[in-house]
Amino acid sequence: MAQAAGELRDDDVLYGYLTEYLDGELPAAIAGKYDQLLKAADRPALQEEFQTLRGRLQLALQSYYLKEDELAALASLVQDPRVKATVENVKIAQLERGVAVSTMMRRVAMGTFVVAAIGAAVVKFGGPSDVKFKPLEYLGYEAIALEEDSRERLNLPSHDLKEVRQYLATYPGLDFKPKMLKNVPSTWDLDGATVIDYEVAKVAVVMYERRQSRNPEKLFHFSFAGKLSDLPPADPGNMRGLIFQTYASNEQNVIAWQSANNTVSLLIGRRSAPELAEIAVAGAGD
Amino acid sequence: MATSPKPMTPQFDEQLVNLFEEQYLPLADTIYRFGFALTLSLDGAHSCVRQAFQKVSGKLKDLSKSLDANPKSVLIEACWQAYKDTKGGGASPIGQSAITSALKPLPVEGRAAVAAIDGAGLSPAEAARVLSWSEVELRQHLASARRTLLRDAVQL
Numbered sequence: 001m002a003q004a005a006g007e008l009r010d011d012d013v014l015y016g017y018l019t020e021y022l023d024g025e026l027p028a029a030i031a032g033k034y035d036q037l038l039k040a041a042d043r044p045a046l047q048e049e050f051q052t053l054r055g056r057l058q059l060a061l062q063s064y065y066l067k068e069d070e071l072a073a074l075a076s077l078v079q080d081p082r083v084k085a086t087v088e089n090v091k092i093a094q095l096e097r098g099v100a101v102s103t104m105m106r107r108v109a110m111g112t113f114v115v116a117a118i119g120a121a122v123v124k125f126g127g128p129s130d131v132k133f134k135p136l137e138y139l140g141y142e143a144i145a146l147e148e149d150s151r152e153r154l155n156l157p158s159h160d161l162k163e164v165r166q167y168l169a170t171y172p173g174l175d176f177k178p179k180m181l182k183n184v185p186s187t188w189d190l191d192g193a194t195v196i197d198y199e200v201a202k203v204a205v206v207m208y209e210r211r212q213s214r215n216p217e218k219l220f221h222f223s224f225a226g227k228l229s230d231l232p233p234a235d236p237g238n239m240r241g242l243i244f245q246t247y248a249s250n251e252q253n254v255i256a257w258q259s260a261n262n263t264v265s266l267l268i269g270r271r272s273a274p275e276l277a278e279i280a281v282a283g284a285g286d
Numbered sequence: 001m002a003t004s005p006k007p008m009t010p011q012f013d014e015q016l017v018n019l020f021e022e023q024y025l026p027l028a029d030t031i032y033r034f035g036f037a038l039t040l041s042l043d044g045a046h047s048c049v050r051q052a053f054q055k056v057s058g059k060l061k062d063l064s065k066s067l068d069a070n071p072k073s074v075l076i077e078a079c080w081q082a083y084k085d086t087k088g089g090g091a092s093p094i095g096q097s098a099i100t101s102a103l104k105p106l107p108v109e110g111r112a113a114v115a116a117i118d119g120a121g122l123s124p125a126e127a128a129r130v131l132s133w134s135e136v137e138l139r140q141h142l143a144s145a146r147r148t149l150l151r152d153a154v155q156l
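Going line by line, the protein sequences match chains R and S.
Just so it is clear: in the first sequence, position 12 is 12 by my numbering, and no numbers are missing.
Just so it is clear: in the second sequence, position 96 is 96 by my numbering, and no numbers are missing.
It should be emphasised that the hints constitute simulated quantities derived from the structure, not laboratory data.
Don't take every hint at face value.
[Claimed, not checked] Within a straight-line C-alpha distance of at most 27 angstroms, the following computed DSS-like cross-link-like pairs (lysine-lysine) qualify:
#	chain 1	residue 1	chain 2	residue 2
1	S	K61	R	K91
2	R	K162	R	K91
3	S	K104	R	K67
4	R	K162	S	K104
5	R	K67	S	K65
6	R	K202	R	K218
7	S	K55	R	K67
8	R	K91	S	K104
Fair warning: this is a prediction, and the values are worked out from it, not measured in the lab.
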């Protein structure tokens, strides 16, 4: 572009390169000459006047524009308006299909979520409980609680053997035959009975008390449906033919035996395991 | 088993249509203004625009392959060619708008140079190419037009 400047009259250079001068893009070859031309022109405000002119020219031209139908006519040069409409309809239909599919997918997902939530709720709150009956843990706790407050916890506080037996025999909903010790040593008095309902299992409890001792001592005979083998494995003991298993905690000893075909008995007290076994042997058979 | 017929799909080159609508059609107003600067007539400007776009639409396939085709340059060149081919379309300058009054004293070459560079924003080199002038010719037409406009201190 600088080559052209050499062939131009000074006046043409001055006005022909105004844009480049204002943008700072004058070719180096004419930059020096241009400054001289600008001074010689005796028009100190030439740049400002040109900028104003160019701005007004652009503004004035912007008042000319095509209308919508004129633009549409130009667009129709490459695509028939009816085809364009068809294409747009096809695109709209595809979009609508996409929206319908995504809506359906959302609904299916929502339905699945709701069903899953209901299922989870049923499993959590309404379904069969997976809580297992843990006799040693539960009944160990019950024995301690009965020791502390037997009056509140025994449904039938009674010293009457017949009455207690009848209570247990007629207790509704038991799937086993509650056991009582037949001949407990006379030092132990019958103190009452109750049935504990754990939902997963019902447990019959008969309580005995040794009043003659300085500190009244209690003994609990629990019976419930099940097999001895359901309990945690333990070294078996044998007290005159009574096969039993022994367990112990810090406070109590427990012996367990199969008191009937589908009934397990637990005797829990603060006596030693052999003493508990002696009591159990004496009372077994009922 | 009966099958439903496939839906009719319109036959058109979507890629070229998109090129035209996205790259060229948005410049229609710019070309219309360039055409007006040439003809100083609304009808003449319409005619220039229509012919320019007709020309471009006929060679869209070639333009789509040309990586350095500047849509604005292509359209201004087509508009200028259309003006020259029709001698201005026979439209007489009408109206007394400020822009008409300002441009009317200029020769068409001056109007073309000013409209292409100061109006549409082409570079002088690009303007020289699309108007089919040498650079010296372009600078002469441009300088002359600017000088006249500034001398007359036109009020746009």
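**Prompt:** Hint by hint, which ones does the structure fall short of?
**Reply:** The structure breaks hints 2, 4, 5 and 8; every other hint is satisfied.
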